[in-house]
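Let the sequences and hints guide you as you build the complete structure.
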Amino acid sequence: MSGMLGSVSAELLLLRKRVGVWVLLGIWTLLAITFSYIFPYITYVTGSEFGPDEQSTLAEMLPAQVIDTTIAGFPFFGGALTLILGVLAIGSDYGWGTPKTLYTQGPSRGRVFTAKLLALGLALVLFVLGAFAVNVAGTAFIAWQESGAADWPSIVEFAQAFGAGWLVLAVWTLLGVLLATLTRGTALAIGIGVLYTLVLEGLLSAFATQIESLEPLAKGVLRTNTYSLVRPLGSILEGSTDNGPGSFAGPYVGTAQAFLVLAAYVAGFIVIATVVLRRRDVV
Amino acid sequence: MVSLERSPIMPATRATIVTAQTRTPTTEQRENHYVIETDGLSKRYGEGIIAVDKLALRVKRGEVYGFLGPNGAGKTTTLRMLLGLIRPTSGTALVLGRPPGDADGLRRLGAMVETPAFYPYLSGRDNLKVLARHAGVDEKRIEPALAQVDLSKRGDDRFGTYSLGMKQRLGVAATLLKDPDLLILDEPTNGLDPAGMAEMRDLIRGLGRGDRTVLLSSHLMTEVEQICDRAGVISGGRLVAEGTVAELRGRDHLRLRAEPLDAAYRLVAGLQGVDSVEVAGDALRIATDLAHAARINRTLVEAEIAVSELTREQASLESIFLGLTNHTNGSHARHQIGGTSHVGHAR
Numbered sequence: 108m109s110g111m112l113g114s115v116s117a118e119l120l121l122l123r124k125r126v127g128v129w130v131l132l133g134i135w136t137l138l139a140i141t142f143s144y145i146f147p148y149i150t151y152v153t154g155s156e157f158g159p160d161e162q163s164t165l166a167e168m169l170p171a172q173v174i175d176t177t178i179a180g181f182p183f184f185g186g187a188l189t190l191i192l193g194v195l196a197i198g199s200d201y202g203w204g205t206p207k208t209l210y211t212q213g214p215s216r217g218r219v220f221t222a223k224l225l226a227l228g229l230a231l232v233l234f235v236l237g238a239f240a241v242n243v244a245g246t247a248f249i250a251w252q253e254s255g256a257a258d259w260p261s262i263v264e265f266a267q268a269f270g271a272g273w274l275v276l277a278v279w280t281l282l283g284v285l286l287a288t289l290t291r292g293t294a295l296a297i298g299i300g301v302l303y304t305l306v307l308e309g310l311l312s313a314f315a316t317q318i319e320s321l322e323p324l325a326k327g328v329l330r331t332n333t334y335s336l337v338r339p340l341g342s343i344l345e346g347s348t349d350n351g352p353g354s355f356a357g358p359y360v361g362t363a364q365a366f367l368v369l370a371a372y373v374a375g376f377i378v379i380a381t382v383v384l385r386r387r388d389v390v
Numbered sequence: 401m402v403s404l405e406r407s408p409i410m411p412a413t414r415a416t417i418v419t420a421q422t423r424t425p426t427t428e429q430r431e432n433h434y435v436i437e438t439d440g441l442s443k444r445y446g447e448g449i450i451a452v453d454k455l456a457l458r459v460k461r462g463e464v465y466g467f468l469g470p471n472g473a474g475k476t477t478t479l480r481m482l483l484g485l486i487r488p489t490s491g492t493a494l495v496l497g498r499p500p501g502d503a504d505g506l507r508r509l510g511a512m513v514e515t516p517a518f519y520p521y522l523s524g525r526d527n528l529k530v531l532a533r534h535a536g537v538d539e540k541r542i543e544p545a546l547a548q549v550d551l552s553k554r555g556d557d558r559f560g561t562y563s564l565g566m567k568q569r570l571g572v573a574a575t576l577l578k579d580p581d582l583l584i585l586d587e588p589t590n591g592l593d594p595a596g597m598a599e600m601r602d603l604i605r606g607l608g609r610g611d612r613t614v615l616l617s618s619h620l621m622t623e624v625e626q627i628c629d630r631a632g633v634i635s636g637g638r639l640v641a642e643g644t645v646a647e648l649r650g651r652d653h654l655r656l657r658a659e660p661l662d663a664a665y666r667l668v669a670g671l672q673g674v675d676s677v678e679v680a681g682d683a684l685r686i687a688t689d690l691a692h693a694a695r696i697n698r699t700l701v702e703a704e705i706a707v708s709e710l711t712r713e714q715a716s717l718e719s720i721f722l723g724l725t726n727h728t729n730g731s732h733a734r735h736q737i738g739g740t741s742h743v744g745h746a747r
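Residue numbers (this note's numbering), protein chains in the order written: chain A, 108 to 390; chain B, 401 to 747.
List time: in silico DSS-like cross-link candidates among lysine-lysine, alpha-carbon distance up to 25 Å:
id: 1; chain 1: B; residue 1: 553; chain 2: B; residue 2: 529
id: 2; chain 1: B; residue 1: 553; chain 2: B; residue 2: 567
id: 3; chain 1: B; residue 1: 567; chain 2: B; residue 2: 540
id: 4; chain 1: A; residue 1: 124; chain 2: B; residue 2: 567
id: 5; chain 1: B; residue 1: 529; chain 2: B; residue 2: 540
id: 6; chain 1: B; residue 1: 540; chain 2: B; residue 2: 553
id: 7; chain 1: B; residue 1: 567; chain 2: B; residue 2: 529
id: 8; chain 1: A; residue 1: 124; chain 2: B; residue 2: 540
id: 9; chain 1: A; residue 1: 124; chain 2: B; residue 2: 529
id: 10; chain 1: B; residue 1: 553; chain 2: A; residue 2: 124
Pairwise CB distance ranges, derived in the manner of DEER restraints:
id: 11; chain 1: B; residue 1: 504; chain 2: A; residue 2: 243; range: 46 to 52 Å
id: 12; chain 1: B; residue 1: 514; chain 2: A; residue 2: 232; range: 36 to 42 Å
id: 13; chain 1: A; residue 1: 371; chain 2: B; residue 2: 594; range: 56 to 62 Å
Worth flagging that the hints you see were computed from the coordinates, not collected in a lab.
Note that the structure is a prediction, hence the values are computed from the model and not measured.
For every residue, glycine included, the Cβ atom is placed at its ideal position computed from N, Cα and C.
Here it is, written out as structure tokens:
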């Protein structure tokens, strides 16, 4: 086990010293606070367009709704960014030729890959905590500024949200890992991943609401299941039918089904990537 | 393959081979004797490209073995197979008594294949830290390894800012982290300036002292000549010659310029101790022991043949190499070593 711990420690060093990882974390937390609190609060303060809904807008920015507000960004923005994280963690190695250097040091390919996944898993904890931390700060400020009720969710609710958020980010990260493994690089993997995330799944979900035969397919894709997993945690999602690029109008599946499907995706992505890595020549 | 070990002109060596063929060594004996041993090792890409063809390589414990060949001969592919980076299409290989890529074997070897590959955003020191942690090596070994390649002062600079020579030196430092029994170095002086090449060769020579075995892949004859105890020449994926540098170079020759040349030819060819005589331009090339030079000279003078030059001619390894690799085609290799023509097969 000490060998694996050493490998994880090595992979954490690689992630910690890489500027790109911190840039992604910075963008992610900036997006979280900007679209969850800064823009809505500016709109609220300037009073434009809201009229009778002004109070509900404020309510969404108060501590009672912090989990709803935060988790809403995970399936889409968080997914896209952590997909890039997964691609960078694996794909860059091919560009630099470092796999041959690592594999000739002694650890098996399986151990190096497992260590990379564990390190990424730990990095995702930081991504989840970062999003919640900035949003907790944002909602606390607004509650103080507006003298709003500081009814915080319970620790259990936070823990559930952390877990769901982590799983959502993990499955997208692993999609990035798999794409980078298959394409042995970053550019094509990011291109395919972003196209799939932003365009294909969105179109499929949109058409599934109109073409009944597409619904079973749409219920199996990542977007549907990630949104379905966090849906019970965020009532805000119910009304996000047509509200920007991250909006999702369904179809939804049950929480348990979503969890199982996402777990199957995680396992499937890992198995495929591992098999490819172990069998393929390192050139 | 043409091997002087098997040549009929070297009966003593031949006897050693016969003995080896009649007694199958145990695994332990083999590991003790051969650090690298391959049989019929082949790598094909698709239907048409044969990168390595039935290669039989034997690297003995404690020697510095040169793996010579022109670009594209199959050297790097062979090394990758030995390290478990790529799978052979057929054949077998043992490295330190283990299959290629085996964790126990890898723990005892250090390797640098082609251009050193490290993380450009990390310092040289941090790159070694990453490797040490993966390999389970004490990080205290990093400083001595950096010092050994004279990189201590630049250890905190990013790898991406290193010159090619520094990158090569960091690559060698990485191979030393584990104090390995076997070093596999692929063209370690590539891209270095003359001073850097000299430094690297000194370093490799030093690393090869004692019990450590070094497999040095190179396309530079002079490099192998300066560093290696023994060398194998690979061409078209096949081992076409193997032996000590002296053996590969062949026996010494005398170069004779005399007048009349045809009379000199007839006279020298009939002398005892002369293996062969050939005309090389306006001179004769005589295969014989150097000790016969004085007698040859006296005989010619007594026959009233005017001798204007009688000098020792030592074939450079480079000329041997060019001869071996240029004349190799298909499954057979025909070339001249020491004035004797041989036809050989890769073992």
